[in-house]
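Here is how the chains run, residue by residue.
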Amino acid sequence: MPVITLDYSRLQKLVGKVSKKQISESLPFLGLDVESEDEKCIRVEYSPNRPDYSTDFGIALGLQGLFGIKTGGIKLKIKKSTQYKINVTPSISKIRPYVTGIIAKNGKINGDILEQLIQMQEDLHMGIGRKRKKSSIGIHDLNKISFPLLYTTTTRNHKFIPLNSEKELSISEIISDTETGKDYGNLLGQSSQVPIIIDSNKKTVSFPPIINAAITTVTTKTKNLFVEVTGINKDDAEDMLSVVATILQSAGFTLENIQISGAKNSSPKLQEKKMSVDSSLINQTLGLNLNTSKIIASLKKSRLDAVSIGKNIVCTIPAYRFDIFGPMDLVEEVALGYGIQNFEPTISPSQTIGQTNTLSLQLKSLDQTMIGLGFLEALNSSLSSKRVLYDMTNRDSKKIISVLDSKSQEHTILRDCIFPGLIENLSRNIHESYPQKIFETGSIFNLDNPISEKTNLAVISAHKDANFTEIKSVLQTALKIGFGIQIETKTAINPSFKNGHCANIIFNKNIVGIIGEIDSKIIDNYKIRVPVVGFEISLSDSILKSI
Amino acid sequence: MSQVFHDIEKKIINSLKKNPIQTPETLEKSTQLLPDQIRRGIEWLKLKNLAIVDESKSSTLSLGKNGVDSFEKGLPERRLLNLLTNGPRKLSDLQKELGFVFGPAMGLSRKNNWIETSTDEIILKTIPSILPGEKTLQQIGSGNLSKDQIDKIDLSELLKRPDFILENIMTSKKISLTDSAKSMDVSNISGAIDVEANVPELFVARTHPLKDTIDEIREIFVTLGFSEIFGNMTQSSFWNFDALFTPQDHPARELQDTFFLDGVSAKKIGTAEQIRKVSDSHKKNWRYQWDINEARKMVLRTHTTCVTIKHLAEKKPDEARIFSLGRVFRNEKVSYKHLVEFNQIEGIVVGKDANLRNLMGIQREFYKRIGITKIKFWPTFFPYTEPSLQTMVYNEKLGKWIELFGMGIFRPEVTKPLGITKPVLAWGGGIERIAMLKYGLTDVREFYNNDLGWLRSNTKCQ
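Note that the protein sequences, when read in sequence, are chains V and R.
The first sequence begins at 13 in the numbering used here and counts up one residue at a time.
The second sequence begins at 81 in the numbering used here and counts up one residue at a time.
Hints in this document: simulated from the structure, not taken from any laboratory.
Among the clues, some could well be false.
[Said to hold, decoys possible] Beta-carbon label-pair distances, calculated as ranges:
| # | chain 1 | residue 1 | chain 2 | residue 2 | range |
| --- | --- | --- | --- | --- | --- |
| 1 | V | S360 | R | D360 | 27 to 37 Å |
| 2 | R | R367 | V | R399 | 43 to 53 Å |
| 3 | R | E353 | V | T17 | 40 to 50 Å |
| 4 | V | K194 | R | P331 | 16 to 26 Å |
| 5 | V | T503 | R | P331 | 49 to 59 Å |
| 6 | R | K454 | V | G386 | 36 to 46 Å |
| 7 | V | G28 | R | E353 | 48 to 58 Å |
| 8 | V | S360 | R | K454 | 22 to 32 Å |
| 9 | R | S345 | V | K145 | 20 to 30 Å |
| 10 | V | L302 | R | D360 | 26 to 36 Å |
| 11 | V | R399 | R | G520 | 30 to 40 Å |
| 12 | V | V542 | R | E281 | 13 to 23 Å |
| 13 | V | Q363 | R | E281 | 49 to 59 Å |
Small disclaimer: the values here were computed from a predicted structure and weren't measured.
The C-beta atom is built at its ideal place from N, Cα and C for all residues, glycine as well.
Extracted from the complex, chain R is given alone in its bound form:
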């Protein structure tokens, strides 16, 4: 096998062939490479099993604050003994002259029997020419030394003392070639390149991950025989609420839940017959004075159901499978769980076979196609469907059941006033929630942050 080497690698190998054991610093000198190039070159050669890096630790000693003090003025006990050479001295005088080293000096000198104390005088008994530790202090003081050059017993005298000796541990690298490298010819095959080296990263242009999920869902519904319809995001309250049997004083119709457009209301909201029949249904069932001006107020749609019901009211099909995908709005505080604007899928089935078990069956089929098999149905309440259910799906990653689509059969109070005679199955839910499961996100805001780092690195097939 012939190997291709980078210039850096070639220079290092050649230098090591001449001088077999080197440090990064000596290599720098001999190859004229930069420290970073040396570091990378050694790393590459190590990975290729061509260089051995022997890391060793050594420690050097230097003086601390008190050590320096003693190196300059003598050890505290030496200073004390020197003061006593001209005869006994008063304890208080010595204390004054020696300051804070007086205590340790006294302690050591007494312990070693160099001095004697009478009532208030200190008398010198003997004065050794070299005190323990003095030799070491001199050695270290005149230059940093490695630990093994020092008399260990003499050193231990000083190590006991606070802030006397500092120990610095240093790592040094010794680089040598492996046997195979020693015999290797590093002159490259002419024109060859390093095909194993790392290459720069490229950023792919791509669709947004959420859009991918939306496309996937669209595809599933089309293959299940559904046709896609569109509608406006701005809707009159009439289609968003009234036509869906939501009374005008319902809490969902308050500013705190729904976005009303400031000063915008619709002149034409429906046919005279639609308006009359819807208002009659409200008056009869909810017992209040229905107000057309409330119905004219424009809102940002809170669901796509307004689009499907409008479509049904217009076409009155006997048989239909229709779906709608689009943005819906809620006046909520934005958090990791909630957005003010998100995407919803909404599907409806019209026909004589439209029954609750079929509604559940379509859900089961849809979930199966997005990879969710563990599902169950719970009853729930929506103002415009009866019966109403919600799907709970089991999320293996989270280890819990989470709520996905809501569904039901449109109430006669909804369909009858709009002239829809066949039963209508309807269901829908948020798409971000499904996409979060797919991309393993815990914060729904990430879909709209447009963080290029995330968009550029996300895996397409998940």
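Only chain V is shown next, with the shape it has when bound in the complex:
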């Protein structure tokens, strides 16, 4: 989740008269997790559903609501203008079909604000922009651009000076040589045509979604901004624009509209929407008994506008709050405005009778039996490695189930049996005193339309006198005392076990497991200096009673 650093003194200026302590104590109640804090700054993590919290301007709006300094919805004031136009050519439809944008004038941009805007842009790209795939933003110095603009396609030979470069580069060079080109160039696929925004003097303004032109770079001297958002879905692009517009207005800019036409594009509306919620749904869901005026006051604290019509609360939702899908989201807004700290937890008597699952009960009995036999319980991950599961124990690795792109080499394959892990455990304990007797019950996995999960028991005993007779006694007693069943052992050959000292475990004429003395090569592989005996038995199919 994205993290933003908030400067206390800036935030205090934006919010109004509140202390640092009040701010740091209130941030969690906006849903922001405090990561760290010092005298000057506080770092908070925000949820991707609230992209407006990607700047301190957005967070200040939220805090003002909680503190009651300013409540109610944030209205976008967009001056009507016919001065700014973007025309879209049909050739773009198959590549990145939509463009939208807004003009923001007469703002002051200092270093801090520039930093906030860059941070916001990055977070929007990563979050709702889905790494620029869905939508991406370009923010430009308006005074360097001559309208009308053209959103069209061009070839990969098209040249301009991109941001942070001093010389002209072709689109191909930008994609192969610049950092953003390398990161995002793949979004354009192999297409010979790429999107481009060109101004009326044929100067390149932007090469979405990769990079802006150097000429429109925003600096601390910039007063007026042109913001463009391009994307593959019109509504998503407008959603992103609504966040930027709201933040720029909060930062002191005056907004003016842009007229967009051509190839199914149209001017952005950034309209508020109305949504109504029954006050009884609010009270039932929250376990409260609030009257409509208290509900409306709570919504206003969450920076929404609302009126009551009978029992219904009709809410006005600004465009940037596209995280609000339906009435239940409004219920949460009431809860936040009311203050989570003001909820008194209650407990209603249970109408149901609790029950432990029979599988848990049976496994618990088995654990107790094994402990009675003197075995210590071990726990290993179900996700193991080829080394532990197959290589070290000499097992066949043809039917492995592996996971993609694991960050940990020790966790790449789902185990199909448990005992190799237990032998590996022994190898980490050769300095501990013997006998070492351990067991594990747990799930094992096999490919079976698509995957079957079964419960196995594996038992290992290691000490200087360990032998087949000992481990067969353990097996026989565990199953007799644990489940009241008799098993047999029939000679078998298994690459993990010593020849002539290995048997299949037979129950009801079916092979349910393997038992024997572990092959000395395996023990040597792990540098264990005592004999090891063990067994593994499948419990799911016939031994555990049906769940």
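Starting from the known structure of chain V, arrange chain R on it as the hints suggest.
Here is chain R on its own, set in the frame of chain V:
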């Protein structure tokens, strides 16, 4: 009180009765015991207040490198004076013959007025029969000596000189019996054993500490009226994500966060109606082309919520309290904080009373039962619940608030497509985190190291 003695103790006491003050070495000879047995025996008797161990320090002296040189060839000043007995010598010649001791020899001889220097010649004035330090040098050179056998003033002459005299400090033990031991009869009562002696350690077979915590949590939920359900660890993306309103392009569904099974996908993921309604909800709310092949991809479940939602979709209860305990997976780098596989508890309440305050109340009750009383709730975000909260609990040992369970009410976008009509409270969280608090661990990996030393020594009731 009659006391029982070990054979070692008896032998030492008897020997000390004959010869009242001894060293460990003499005891070794007189008792025929091994040095280690003597050491242990003395230690036991000391603890029982039967023996006195008097430790004294003494120092002996020996010659250092320069000391040995002088012992063999004479002190530097003696060598110089000897060279002058046959008349004055040239300074440069003397320098050549004496080498590096020339400087100190000259300095001392001039200071003591034994020689005179003219332009480039050295003349002997007087030659004492014994020079300061010479007697001591002879004494030490012929055998190590203890410091108090030496003339201190004469010794100080030599101690000033670098690498001349080495001082070795030695500890010696003198063992004697206390008065009560002297009169003690050490012949044992027949057949008696030493009931106070240390005994060998035993290792108990036991359940894994993490399993104990899981059992404890299971018990709490059962007593709160919850029934346990199980489900698979391998799940289709449909139940792990789609049914929980997580869009198919959500970052949580990328390889870097979730374990996808290589080349494994599910043929049947749900009923036709479930699939249609879930996909409609995605298309309408998230505005994208929902792809059934994405939903078929098998993953290692990232939470147990897929198990509970599947159960609800199947049973559609009007009233229920259900919980699920099991392993969940995240594609993370393993560290002291993170595991790729850990246990999660997940609980749900279905019914008309399912509201946010009750959800908070169940949490408070659960925490109380595991001994946590200082808790608070913060809002948070999950794709499938609204409203969503997290609990923060205060850890006295660490002196800070830590995040434990996440919770919320299932979104209508989750419940409606699956035909669940009643509100559903849901919460869950990692069990290792609770177990770490319980066992005072700072590294979560310890639970899966299967270190026998730790497993054998852990206290059961904590």
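With respect to the beta-carbon atoms only, verify the hint that S360 of chain V and D360 of chain R lie 27 to 37 Å apart. Distance hint for S360 of chain V, D360 of chain R holds at roughly 34 Å.
The hint says 49 to 59 Å between T503 of chain V and P331 of chain R; measuring C-beta to C-beta, is that right? Distance hint for T503 of chain V, P331 of chain R holds at roughly 54 Å.
Hint check for R399 of chain V and R367 of chain R - Cβ pair distance inside 43 to 53 Å: The hint (43 to 53 Å, Cβ to Cβ) holds, given that R367 of chain R and R399 of chain V are roughly 46 Å apart.
Hint check for T17 of chain V and E353 of chain R - Cβ pair distance inside 40 to 50 Å: holds (48 Å)
Taking 36 to 46 Å as the stated bounds, is the beta-carbon spacing between K454 of chain R and G386 of chain V within them? The hinted range 36 to 46 Å holds for K454 of chain R and G386 of chain V, with Cβ atoms some 41 Å apart.
Taking 20 to 30 Å as the hint, is the beta-carbon distance of S345 of chain R and K145 of chain V inside that range? Between S345 of chain R and K145 of chain V, where Cβ atoms are some 23 Å apart, the hint holds.
Cβ-Cβ distance between Q363 of chain V and E281 of chain R: within 49 to 59 Å? Taking Cβ atoms as reference, Q363 of chain V and E281 of chain R lie about 51 Å apart, which means the hint holds.
Please test the hint of 16 to 26 Å on the beta carbon pair from K194 of chain V and P331 of chain R. Check passed, 20 Å falls within 16 to 26 Å.
Should the hint that G28 of chain V and E353 of chain R are 48 to 58 Å apart at their CB atoms be regarded as holding? For E353 of chain R against G28 of chain V, whose Cβ atoms are near 53 Å apart, the range 48 to 58 Å holds.
Pairwise beta carbon distance, V542 of chain V to E281 of chain R, judged against the given window 13 to 23 Å: holds (19 Å)
Looking only at beta-carbon atoms, does the pair R399 of chain V, G520 of chain R fall within the given range of 30 to 40 Å? holds (32 Å)
Assessment of proposed distance window 26 to 36 Å (beta carbons of L302 of chain V, D360 of chain R): holds (33 Å)
No hint from the list above goes unmet by this structure.
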